[in-house]
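Starting from the known structure of chain A, fit chains B and C onto it as the hints suggest.
The primary structure of each chain is shown beneath.
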Amino acid sequence: MTTSTTDMAHDDHGYMATGIKRWLFTTNHKDIGTMYLWFAFIMFLTGGSMAMVIRAELFQPGLQIVNPDFFNQLTTVHGLIMVFGAIMPAFTGLANWMIPMMIGAPDMALPRLNNWSFWILPFAFTILLSSFFLGGAPNFGWTFYAPLSTTYSNGSTAFFVFAVHIMGISSIMGAINVIVTIMNLRAPGMTYMKMPLFVWTFFITAYLLIAVMPVLAGVVTMLLTDTYFGTSFFDASGGGDPVMFQHIFWFFGHPEVYIMILPAFGIVSTTIPTFSRKKLFGYSSMVYATSSIAFLSFIVWAHHMFTTGMPLIGELFFMYCTLLIAVPTGVKVFNWMATMWRGSISFEVPMMFSIAFVILFTIGGFSGLMLAMAPVDFQYHDTYFVVAHFHYVLVTGSLFSIYAAAYYWLPKWTGHMFNETLAKAHFWCSLISVNLLFFPMHFLGLAGMPRRIPDYALQFADFNMWVSIGGFAFGLSQLIFLAVVIKCIRGGEKAPAKPWDGAEGLEWTVPSPAPYHTFSTPPKID
Amino acid sequence: MQGHHNKQTNKLVRKLVVIVLAMFGFGFAMVPLYDVFCDITGLNGKTATEAAQINESGIDTDRTITVQFISRTAKEMPWEFRPEIAEIVVHPGETKIIKFYAKNNTLVDMLGQAVPSVAPGRAANYFKKIECFCFEQQFLSGQEEVWMPLQFYIDAEIPTDVNTLTLSYTLFDISLSDKASQASTPEETAIVES
Amino acid sequence: MRSRNLSWLLLGVLFSSSTWAESSINLTEGVTGVSHDVYDLHMLVLYICTVIGLVVFGAMFWSMFFHRKSKGHVAATFHESTKVEILWTVIPIFILLAMAIPATNTLIAIENNDNSELTIQITGSQWKWHYSYFDQDLDYFSVLSTPRAQWDNLSGPGEEKGENYLLEVDKPLVIPINRKVRFLITSDDVIHSWWVPAFAVKQDAVPGFINEAWTNVDEPGVYRGQCAELCGKDHGYMPIVVTALPENEFDAWLKEQKVAAIAAAEAEKASLAERMTMEELMTLGESTYVASCAACHQANGAGFPPSFPALKGSPIALGDVSKHIDIVVNGKSGTGMQAFGKQLTLKQLAAVITYERNAWGNNTGDVVQTADVKAATGK
Numbered sequence: 402m403t404t405s406t407t408d409m410a411h412d413d414h415g416y417m418a419t420g421i422k423r424w425l426f427t428t429n430h431k432d433i434g435t436m437y438l439w440f441a442f443i444m445f446l447t448g449g450s451m452a453m454v455i456r457a458e459l460f461q462p463g464l465q466i467v468n469p470d471f472f473n474q475l476t477t478v479h480g481l482i483m484v485f486g487a488i489m490p491a492f493t494g495l496a497n498w499m500i501p502m503m504i505g506a507p508d509m510a511l512p513r514l515n516n517w518s519f520w521i522l523p524f525a526f527t528i529l530l531s532s533f534f535l536g537g538a539p540n541f542g543w544t545f546y547a548p549l550s551t552t553y554s555n556g557s558t559a560f561f562v563f564a565v566h567i568m569g570i571s572s573i574m575g576a577i578n579v580i581v582t583i584m585n586l587r588a589p590g591m592t593y594m595k596m597p598l599f600v601w602t603f604f605i606t607a608y609l610l611i612a613v614m615p616v617l618a619g620v621v622t623m624l625l626t627d628t629y630f631g632t633s634f635f636d637a638s639g640g641g642d643p644v645m646f647q648h649i650f651w652f653f654g655h656p657e658v659y660i661m662i663l664p665a666f667g668i669v670s671t672t673i674p675t676f677s678r679k680k681l682f683g684y685s686s687m688v689y690a691t692s693s694i695a696f697l698s699f700i701v702w703a704h705h706m707f708t709t710g711m712p713l714i715g716e717l718f719f720m721y722c723t724l725l726i727a728v729p730t731g732v733k734v735f736n737w738m739a740t741m742w743r744g745s746i747s748f749e750v751p752m753m754f755s756i757a758f759v760i761l762f763t764i765g766g767f768s769g770l771m772l773a774m775a776p777v778d779f780q781y782h783d784t785y786f787v788v789a790h791f792h793y794v795l796v797t798g799s800l801f802s803i804y805a806a807a808y809y810w811l812p813k814w815t816g817h818m819f820n821e822t823l824a825k826a827h828f829w830c831s832l833i834s835v836n837l838l839f840f841p842m843h844f845l846g847l848a849g850m851p852r853r854i855p856d857y858a859l860q861f862a863d864f865n866m867w868v869s870i871g872g873f874a875f876g877l878s879q880l881i882f883l884a885v886v887i888k889c890i891r892g893g894e895k896a897p898a899k900p901w902d903g904a905e906g907l908e909w910t911v912p913s914p915a916p917y918h919t920f921s922t923p924p925k926i927d
Numbered sequence: 002m003q004g005h006h007n008k009q010t011n012k013l014v015r016k017l018v019v020i021v022l023a024m025f026g027f028g029f030a031m032v033p034l035y036d037v038f039c040d041i042t043g044l045n046g047k048t049a050t051e052a053a054q055i056n057e058s059g060i061d062t063d064r065t066i067t068v069q070f071i072s073r074t075a076k077e078m079p080w081e082f083r084p085e086i087a088e089i090v091v092h093p094g095e096t097k098i099i100k101f102y103a104k105n106n107t108l109v110d111m112l113g114q115a116v117p118s119v120a121p122g123r124a125a126n127y128f129k130k131i132e133c134f135c136f137e138q139q140f141l142s143g144q145e146e147v148w149m150p151l152q153f154y155i156d157a158e159i160p161t162d163v164n165t166l167t168l169s170y171t172l173f174d175i176s177l178s179d180k181a182s183q184a185s186t187p188e189e190t191a192i193v194e195s
Numbered sequence: 008m009r010s011r012n013l014s015w016l017l018l019g020v021l022f023s024s025s026t027w028a029e030s031s032i033n034l035t036e037g038v039t040g041v042s043h044d045v046y047d048l049h050m051l052v053l054y055i056c057t058v059i060g061l062v063v064f065g066a067m068f069w070s071m072f073f074h075r076k077s078k079g080h081v082a083a084t085f086h087e088s089t090k091v092e093i094l095w096t097v098i099p100i101f102i103l104l105a106m107a108i109p110a111t112n113t114l115i116a117i118e119n120n121d122n123s124e125l126t127i128q129i130t131g132s133q134w135k136w137h138y139s140y141f142d143q144d145l146d147y148f149s150v151l152s153t154p155r156a157q158w159d160n161l162s163g164p165g166e167e168k169g170e171n172y173l174l175e176v177d178k179p180l181v182i183p184i185n186r187k188v189r190f191l192i193t194s195d196d197v198i199h200s201w202w203v204p205a206f207a208v209k210q211d212a213v214p215g216f217i218n219e220a221w222t223n224v225d226e227p228g229v230y231r232g233q234c235a236e237l238c239g240k241d242h243g244y245m246p247i248v249v250t251a252l253p254e255n256e257f258d259a260w261l262k263e264q265k266v267a268a269i270a271a272a273e274a275e276k277a278s279l280a281e282r283m284t285m286e287e288l289m290t291l292g293e294s295t296y297v298a299s300c301a302a303c304h305q306a307n308g309a310g311f312p313p314s315f316p317a318l319k320g321s322p323i324a325l326g327d328v329s330k331h332i333d334i335v336v337n338g339k340s341g342t343g344m345q346a347f348g349k350q351l352t353l354k355q356l357a358a359v360i361t362y363e364r365n366a367w368g369n370n371t372g373d374v375v376q377t378a379d380v381k382a383a384t385g386k
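Residue numbers (our numbering), protein chains in the order written: chain A, 402 to 927; chain B, 2 to 195; chain C, 8 to 386.
Source of the hints: derived by calculation from the structure; they are not laboratory data. Virtual Cβ for every residue (Gly too), placed ideally from N, Cα, C. Some clues are possibly wrong.
[Stated by the list, open to error] What the simulated footprint calls covered on chain B by chain C, stretch by stretch (three residues with Cβ under 8 Å from a Cβ of chain C suffice, anywhere in the stretch; the number is not a length):
| hint | stretch |
| --- | --- |
| 1 | 65-73 |
| 2 | 78-92 |
| 3 | 158-167 |
In isolation and in its complexed conformation, chain A is listed as follows (with noise of 0.2 Å):
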């Protein structure tokens, strides 16, 4: 399992400890990456579970398991878990474990640093999800638009409020990270327009983490002493304007959304040229795409809020950046259709879920379009057809990708291949049911459900009893993956140095299982 470790600098990253000590004191960046993804699927369970009685209350109108106040509890809770708890993490792991593998550095930059922003986690989540007991979990919707999160809270504001602070805290020290380890520790001869796009995806992600993650933790403080102390920044009495706080929620709630899904970009521009055994078409637009990408989503934040009373003037405004965001991302789907064009393509199961990412984001991207039409979005606003939007970039987007670079990976972490007939299971039963779940969320939005009820009129009956099936089958199919997983850390074929043919960049050049420690001495890169 060790490569030479006796010249390490450094004792503490220099040996292996075993058993809980090694999880516990570990700075080595595999191990951290491992955790992350671990705790990142242990929270998508749960939020998945949470998901799972919010479709069986909405499987036929009227009230059947639980009442409407811990239905809010509930939605909200989903969207806090999947977003910080499972989205994030697993995108923060996939980065320990693969940039430093990819630009020929020995572990992240500042390794103890990374050992601390993953254990923070636990304790963030097992405080927001410990309200559940404490006199009830947040239950005014993750945005926790404010008087609602405020004046009128159940009393679980400071709990939310400190598991977001300590979560911020979290992402910023792994964004601090991973822009030290690209900036310093690049191979020689790896410059920046040689970094695999992943690299670039995640270093353009890390930048605006730092830049918003700690605007929320200002909305939030500001939140808390509203609450409890007092003050008056969202309260009319007090001179506030509980709309100032969409402004500054959605300040980082735009650029957020965008966190989660340029990684998935990068993961995608990754798979695809293996499996199309053809080099990345545009590479150079797909970095200047993405960066503009970012820097478009710290204007567009107010198309959240075209019903919030702005004047003409600023809508108009918001409506066209936003549309403009669809020239960038337009060019990246291009480039992906255009990698694939006349290339030799083979199905493998992570290609299959790279396919389906492109198709069913795009999907998502052209309600995204839809929405960004401020007319329209009076009707589309709040509705189903929302929560449609959202769930197809986030599900068949972000965690989509994230299936592709684990199936891609997985031979690299564990030194095995995956039981590719369980794997297709997977992709197959995930693809069905996830468009059985969400398609038909556009239909209802369009006619008419508002998001966030518990109970519906009778008219939106048929289709909400598809997606519930829709939902519970998808739920069913993750527990496929858990499976392929398992046997795949246990045992399976041996999976060589390099698994796919198509596959180019440095760590194929290591062996399968890749190695305690790689790269102690950089690799040369002409």
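Leaving out everything else, chains B and C in the frame of chain A:
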């Protein structure tokens, strides 16, 4: 490992931490920035919180603007509160005085604060208050009533497509202005309220 | 396998453009000029997206089918083309312009609130709407009228659900057709959002601020909508119903309402002298409680502590009567407890307070009369 404590790394980390702190500060800076932005654009329909100068730029007798008055009480505010008239037609630049009636319907002393809001928001900046009861808090003892004056004019610069302007006052109960004493202990609230 | 998936997806995309138009799975065309414009815009973007989707997905499926390794296709080596890349940056910009221009025009129309003939003030509160006709001395609350027995199936199957389940109210908003009606929307507590799909009007109700919206309805009818912004526990239970009447019928209705309002005021005065029996008070009290209080304090008085405390065995309901009257009439600031003095008649207040002091084992035996409420509060 080429020394993760080396100078280069430290320098970069320090820079990034500065960005983080700056952005944390920026979150708070958005509060005054938002107010400034609203003052310029009238984004949220807030009017000025200080008295305007008496109009000297003359009256535009060619135009008329309908000003509607709406008085509301916050839902836990048991006062009576209404304007003497519902609407008035004015020329831009013309100064008018409108009185608002308020009565404390309870048997205890209370402190009220009226918060104005103008629709359309972009007209807010052109609504000039020379004297307004909303500039200060209103103290009324139990069953006390009062007529409160509002002296205003509409700035003649107001965009030509604004023909109707609505001024809404919401009266809030600020007798217990220290919100912390109410919200922090749910058990206590429960007993008192139930 | 793959081609089946192809046809399945294509079917979905095709389905989206051809068959939606008339059925309830598409956006409503609505009954106002603006709602028609909005619908047209919606269809325009939908068609554009469908065409782009067909081209992009078509190309992808083409290469998936013909450029596959198993068919022995050898990969080409091209990986950039400035010409093509400029092309697919510039063409989308023109498509976006084609969308932005009509959208701008519609938006300008939506934001023109001037020259209305009728102004209605709409106030949201947890969880009801209040309508006030500007300068007409007419205002009332509008509350969900679907009985709890229909929607609360937590402890049994409940009653059969009616046709307009969850989309019906006790008193709908009434507006005339063919007149520009302006809405001034605000809130008493948290943010709500007033939405009627048939008018394409959705505007947030923000506490302390007023927002404007307007409509001009073409056809008489009953139009239903819901609160669109999460506003707490019963967010799903505050529907909106608007009845649009022909102009003359509306004017007649308005007159009728004013007469009724005067009669109600007189009845209120008359009720002061009335002495009701415990039985009468308890009957009226129970129905008032169910309609106005049970949403928070629950029908069995158990509440949802800590936000909504229990009334059963509570020190207020068992303690000093005047304190009890005060909190019901004037509310309690900083909590969800509203000032019901504004919403209920003196008779209802007296009855509901009597009910709370004698139901669920709160057997104080106190009888509160209309005059007591008046005396205790000066209402």
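Problem set entry | In rising order, the numbers of the hints this structure does not comply with | Nothing - there is no hint that the structure violates, so all of them hold.
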